[in-house]
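Position chain B against the provided structure of chain A, taking the given hints into account.
So the sequences go chain by chain: A and B. Counting along the first sequence from 1, when you hit position 1 you're at 1 in the numbering used here, and nothing is skipped either side. In short: position in the second sequence from 1, add 377, done, that's the numbering used here.
Bear in mind the hints are in silico, worked out from the structure with no lab data behind them. Beta carbons are placed, not taken as given, at the ideal position from N, Cα and C, and that holds for glycine. Some clues are possibly wrong.
Partial list, computed: chain A residues near chain B (C-beta under 10 Å) [to be verified]: (1) L16; (2) V118; (3) A121; (4) T146; (5) S202.
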Amino acid sequence: MRYVRGFREGAAAAALARLLEAEVDPKREYHLMEFCGGHTHAIFRYGVEDLLPGNVRLIHGPGCPVCVLAVPRLDAAIELARRPEVTLVSYGDMLRVPASRRRSLLKARAQGADVRMVYSALESLEIAAAHPDRQVVFFAIGFETTTPATAHIIREAQRLNLRNFSVYCNHVVTPAAILSILDSPEVREWGQVRVDGFIGPSHVSAVIGSRPYEYFAEEYRRPVVIAGFEPLDVMQAIRMLVQQLNSRVSRVENQFTRGVTRDGNLKAQRLVAEVLELRPSFEWRGLGELPYSGLRIKSAFGQFDAERRFAIEVRAAPENKACQCPAIIRGVKKPTDCSLFGAPCTPRNPVGSCMVSAEGACAAYYKYRRGALKAAN
Amino acid sequence: MGGILTHVSIALIDDVALGDYLIVHAGFAIARLDVEEAEKSLALFDEIAAHLNQPIDALRPRFP
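Okay, chain B solo, but in the shape it has when bound:
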């Protein structure tokens, strides 16, 4: 992620294929990301944002 290469065990997931997105926790893939569901969630957020047309960026990551 973000250009970082690392070793991840796929022992807990069957039939991992090239191009799959995996949810990784402490070096192990624990779930396959459901791309269709992710797109649905993103579309919902896009719709809410467009509908209310809030110009400001409300999230301020607080890096100390």
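With the rest of the complex left out, here is chain A:
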């Protein structure tokens, strides 16, 4: 299809690489964070890093939906799934994420829990309608890309008067995570992580628009270029960031003009605002408690809030201490810095969340870089 394959043209990528080579200032380094796991995956799949000059470094950000879910909240979902009356529904990747004591929803299912995997949140409504004798709970996770879908099904459940349906809401917001990285001691004080600019997410920005990033460009003097998910988009966005950094400006620019406007999808934003509201604080894996970073269901829709219906308690849980996921999510460490990488932690048998999803940095390293790493050793 023209609007996908057209952005994967190898000759254009080679030409962009040549331009970039000529445009970078050899006397400095460029440390650019791709916030979104979709970009991480595209960068590895197409070998974009191999096309970049040596002084342009990419830092993989926390924008992997299943990676950032705090373990205690996943533990609570597993507890919920183990209730005999509950059918727990979630997206595929979520089922394989390790919780505390290496439990997972998939393992709970093997032990008899009713856990279903869906592609679309809408399927959870169909399951609820088809099984009126079951308490169907949609385990909702993700950034602004999946949040409107969750808001939509809650409103639909109200319209259809589905009494056996509820949502365990764990949605998070992107700007809060970017802010936490810019405010983290690793970036501000210790100088452990250097982020000169951001490659802004594609689909998240299609929903929220480019406006929310303006604050980071102005207040934190970091340029942001929103990029499409294809390799030419990423290459071009890197050029735009290099050009901004060379001329010492920091603006929000939009490379993904075919999908993103300054305002975003207002209909989706209104729907989310009608059904969901910010929590004062929310815990993220790797980033800790962040103020106004997570969403909960408004009291007007409280009958569909699983946290209320089942009085869910979120308890602190031990994490595998050797797993470096929290530091990898913050961009402080690379997957290969982790002693578990490759053995025993693999995508088939993940120890940490970053090894689970195609959007996780560890899974991308393992899938696309393992051969090169072996050769280097």
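Relative to the frame of chain A, chain B by itself:
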């Protein structure tokens, strides 16, 4: 896409018409693709490629 048929909710987009391209995420259309802007981006990449006339295919999709 690519001949795959699937159900997509258009609840988040107003006035979807036949022939529209939609950006789909987890079963929901989240944006309408702006075809004019897509063509502009493609034309820019074509121009850069033609100008520098790089004969090699630099992208090697790494399918494991």
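Each hint tested on the structure:
Because the beta carbon of L16/A sits about 6 Å from the nearest beta carbon in chain B, less than 10 Å, this interface hint is met. The criterion of a C-beta within 10 Å of any C-beta in chain B is met by V118/A, whose closest approach is roughly 8 Å, and the hint holds. At a threshold of 10 Å, the smallest CB-CB gap from A121/A to chain B is about 7 Å, leaving the interface hint in force. Hint status for T146/A: holds, given a least beta-carbon distance of 5 Å to chain B, under 10 Å.
With a least beta-carbon distance of about 8 Å to chain B, the hint placing S202/A at the interface is held under the 10 Å criterion.
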